[in-house]
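Trainee: From first to last, the protein sequence lines stand for chains Z, V, P, L, R and X. Per our numbering, the first sequence starts with residue 320, numbered consecutively. Per our numbering, the second sequence starts with residue 320, numbered consecutively. Per our numbering, the third sequence starts with residue 320, numbered consecutively. Per our numbering, the fourth sequence starts with residue 320, numbered consecutively. Per our numbering, the fifth sequence starts with residue 320, numbered consecutively. Per our numbering, the sixth sequence starts with residue 320, numbered consecutively.
One or more hints might be untrue.
You can't tell identical chains apart in this list, so a pair holds if it fits in one copy or across any two.
[As the list claims (entries may be wrong)] With a straight-line Cα cutoff of 30 Å, these simulated DSS-like cross-link-like pairs (lysine-lysine) come out:
#1 356 x 437
#2 356 x 433
#3 356 x 396
#4 437 x 344
#5 412 x 433
#6 344 x 392
#7 437 x 392
#8 356 x 392
#9 437 x 396
#10 351 x 412
#11 412 x 392
#12 412 x 396
Don't read these hints as lab results, they were simulated from the structure. It should be emphasised that the depicted structure is a prediction, and the values quoted were computed from it without experimental measurement.
Protein chains: 6
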Amino acid sequence: MIYLTRRERFSAAHRMFRQDWTDEKNLEVFGKCSNPKWHGHNYVLWVTVRGEPSDDHGFVMNATTLKEIILDKVVNKLDHRNMNLEVDFMSGKIATTENLAVAIWNELSPEIEKHAAKLHCVKIEETENNFIEYYG
Amino acid sequence: MIYLTRRERFSAAHRMFRQDWTDEKNLEVFGKCSNPKWHGHNYVLWVTVRGEPSDDHGFVMNATTLKEIILDKVVNKLDHRNMNLEVDFMSGKIATTENLAVAIWNELSPEIEKHAAKLHCVKIEETENNFIEYYG
Amino acid sequence: MIYLTRRERFSAAHRMFRQDWTDEKNLEVFGKCSNPKWHGHNYVLWVTVRGEPSDDHGFVMNATTLKEIILDKVVNKLDHRNMNLEVDFMSGKIATTENLAVAIWNELSPEIEKHAAKLHCVKIEETENNFIEYYG
Amino acid sequence: MIYLTRRERFSAAHRMFRQDWTDEKNLEVFGKCSNPKWHGHNYVLWVTVRGEPSDDHGFVMNATTLKEIILDKVVNKLDHRNMNLEVDFMSGKIATTENLAVAIWNELSPEIEKHAAKLHCVKIEETENNFIEYYG
Amino acid sequence: MIYLTRRERFSAAHRMFRQDWTDEKNLEVFGKCSNPKWHGHNYVLWVTVRGEPSDDHGFVMNATTLKEIILDKVVNKLDHRNMNLEVDFMSGKIATTENLAVAIWNELSPEIEKHAAKLHCVKIEETENNFIEYYG
Amino acid sequence: MIYLTRRERFSAAHRMFRQDWTDEKNLEVFGKCSNPKWHGHNYVLWVTVRGEPSDDHGFVMNATTLKEIILDKVVNKLDHRNMNLEVDFMSGKIATTENLAVAIWNELSPEIEKHAAKLHCVKIEETENNFIEYYG
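The whole structure should be built from the sequences, with the hints applied where relevant.
Mentor: Here you go:
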């Protein structure tokens with residue numbers, strides 16, 4: 320079993336809040352991340368797939384194919400977008416990196432399984448001091 | 320002459336656009352950076368000051384003092400904020416990194432000159448592939 | 320299950336040696352790291368916790384709370400300190416990164432369990448070419 | 320159980336192709352990586368070993384010993400070399416990072432087991448956006 | 320005056336040698352970089368342009384335009400290529416990073432001057448421990 | 320004119336203080352950096368030299384020669400040492416990064432001038448957030 324990881328990046332605006340909470344309650348729980356006028360990040364995304372290297376070509380999965388799936392299903396929908404308002408797979412969810420990682424997993428997993436590999440991990444760095452990993 | 324550089328970071332939302340242009344014209348000139356629903360970045364800021372090391376303590380300028388000036392005048396106003404809507408020194412300006420660098424220079428320069436050093440350079444990285452430098 | 324990692328940094332002096340060994344024996348086993356006049360590093364610490372994201376707020380654990388625990392229990396005791404002489408939880412231990420990782424785990428684990436998450440990994444980078452991981 | 324990782328680097332030329340395929344077929348499967356006149360990379364290699372810290376000296380394994388094994392068995396054979404033409408342990412294999420990781424594992428594992436530790440992971444970064452991990 | 324820098328990357332094979340020298344002489348002067356069977360690197364290229372921010376749009380120069388010039392004139396010619404054998408602007412030159420920086424300057428400068436900015440610096444990193452800068 | 324930069328690293332203990340000041344005064348001016356029991360850093364050093372590329376071999380200066388000068392004159396004296404107590408060229412000086420940069424310049428400049436290049440800049444990073452540059 321070999322693990323292949325591809326790194327991609329996107330820049331997005333977001334806000335962490337619940338509509339059923341007051342601004343004060345949102346501020347108490349989410350801190351400055353609840354700012355109603357938005358803020359944003361340069362997110363870094365690592366997608367890891369696992370499989371056996373093919374006898375035919377020696378890859379677990381073609382890295383260009385993996386890149387295209389990530390761009391098509393995730394990065395092109397998030398980059399230079401507002402995560403709360405414009406991204407279908409985050410609609411109705413609190414825009415935490417935890418929830419984002421699970422949503423990205425759900426977008427990518429069925430596409431990757433079409434290519435004789437399995438999705439192993441979605442890792443998202445929000446700042447250089449914080450990152451989230453989800454293994455399904 | 321010695322140059323001392325301090326790195327700080329802030330995460331902000333912004334949009335590049337001109338109110339006197341149509342959305343189409345803004346999209347043509349600013350591309351996806353003109354998205355009306357905002358996007359954001361993890362900005363990295365390097366502030367360089369120059370001076371002679373003091374015979375008394377061997378510093379060009381106390382790095383903690385420099386840090387406090389940068390936080391007070393710049394980072395605390397920008398971090399987790401909307402650069403277009405919430406930052407006094409960017410009001411009425413197009414939110415390009417170029418304009419941001421000049422505005423940050425104007426905020427910092429008089430404060431630093433109170434401390435026997437001179438501001439030498441403001442450098443701002445917007446993404447890992449783009450940065451701006453301004454030398455006054 | 321989601322994994323959240325927080326990065327913190329500290330700069331400390333240390334020396335690897337055993338008091339019951341001669342300087343020659345210490346030099347033979349620990350090399351230049353046994354220098355009796357000390358040396359030091361910028362240590363980078365990654366603390367990973369695991370748990371289910373809360374339905375209430377979408378976090379595994381509040382990252383600010385995690386940061387405060389790490390600063391209070393670990394970083395503030397180590398930063399700009401001599402690891403051999405001034406850090407209670409390293410007292411009587413050889414100051415290897417391996418022993419430091421286990422000691423930090425023991426400091427952090429009970430505090431993190433008060434917050435509905437579990438400590439998963441303590442990772443410490445001593446130089447850009449060496450790091451240690453401990454999973455309990 | 321503690322995990323110790325050592326990072327080393329090497330710069331090598333390579334080409335991905337099969338001699339029993341036409342240039343067109345190689346181009347179709349391997350893309351620009353099949354260029355018959357070679358290209359190259361700065362590869363970054365992380366070798367992780369696991370074990371119990373010794374009561375005697377507090378190390379899983381002496382990091383200098385680990386470094387010397389990696390240089391002797393891997394880096395000195397690959398650095399500033401053509402991976403397809405000059406590296407014994409890659410002879411007859413397609414020069415994918417997947418195959419390289421398995422080959423490096425086979426070179427390192429018996430040497431490391433002479434030192435009371437076990438090889439845990441070989442990780443190779445080919446570019447800042449792609450890496451491979453192999454756990455045996 | 321504002322300075323805008325764009326980072327791009329390419330992976331190439333090369334060899335440092337002079338055809339009018341023996342292999343022994345090439346090895347003596349260029350060391351392992353003279354290997355006749357090639358080696359390669361992940362080169363990182365920073366291109367800095369300078370100018371006044373436009374009153375119209377606030378840019379020194381559109382960063383996307385700068386990117387396209389760098390890709391068209393430099394990166395697409397070098398990436399996954401043999402610098403000695405396949406790159407027109409390096410033909411007949413010793414493939415040092417010094418000579419590469421000057422050649423890239425000559426490729427880029429006339430194109431950038433069509434856009435109301437001037438080329439200021441070409442910086443090329445060959446490994447994480449070595450880089451070259453050329454200011455024309 | 321071309322600029323060549325070589326990066327090297329060293330780990331050292333130090334303390335900022337003046338013997339003619341009380342511990343209280345030292346603490347007031349130098350903060351936690353005045354800790355009498357020492358602390359330390361992973362220092363990163365960039366040495367930049369300038370010159371014309373040789374018609375003979377295309378280098379400003381052989382990078383291996385530059386590396387050997389830096390190791391011999393600077394790194395081997397500082398690495399795993401106490402900067403205040405064990406480094407001849409820092410003797411009697413306050414161990415600020417400013418003073419260290421000037422001292423390293425004085426060590427390197429005469430050696431580099433023996434090789435048809437001139438020392439241009441000594442840059443020292445003490446932590447990821449602070450660095451010093453000295454141009455002679």
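Trainee: Going through the numbered hints above, which ones does this structure break? Give me the numbers in ascending order.
Mentor: 1, 2
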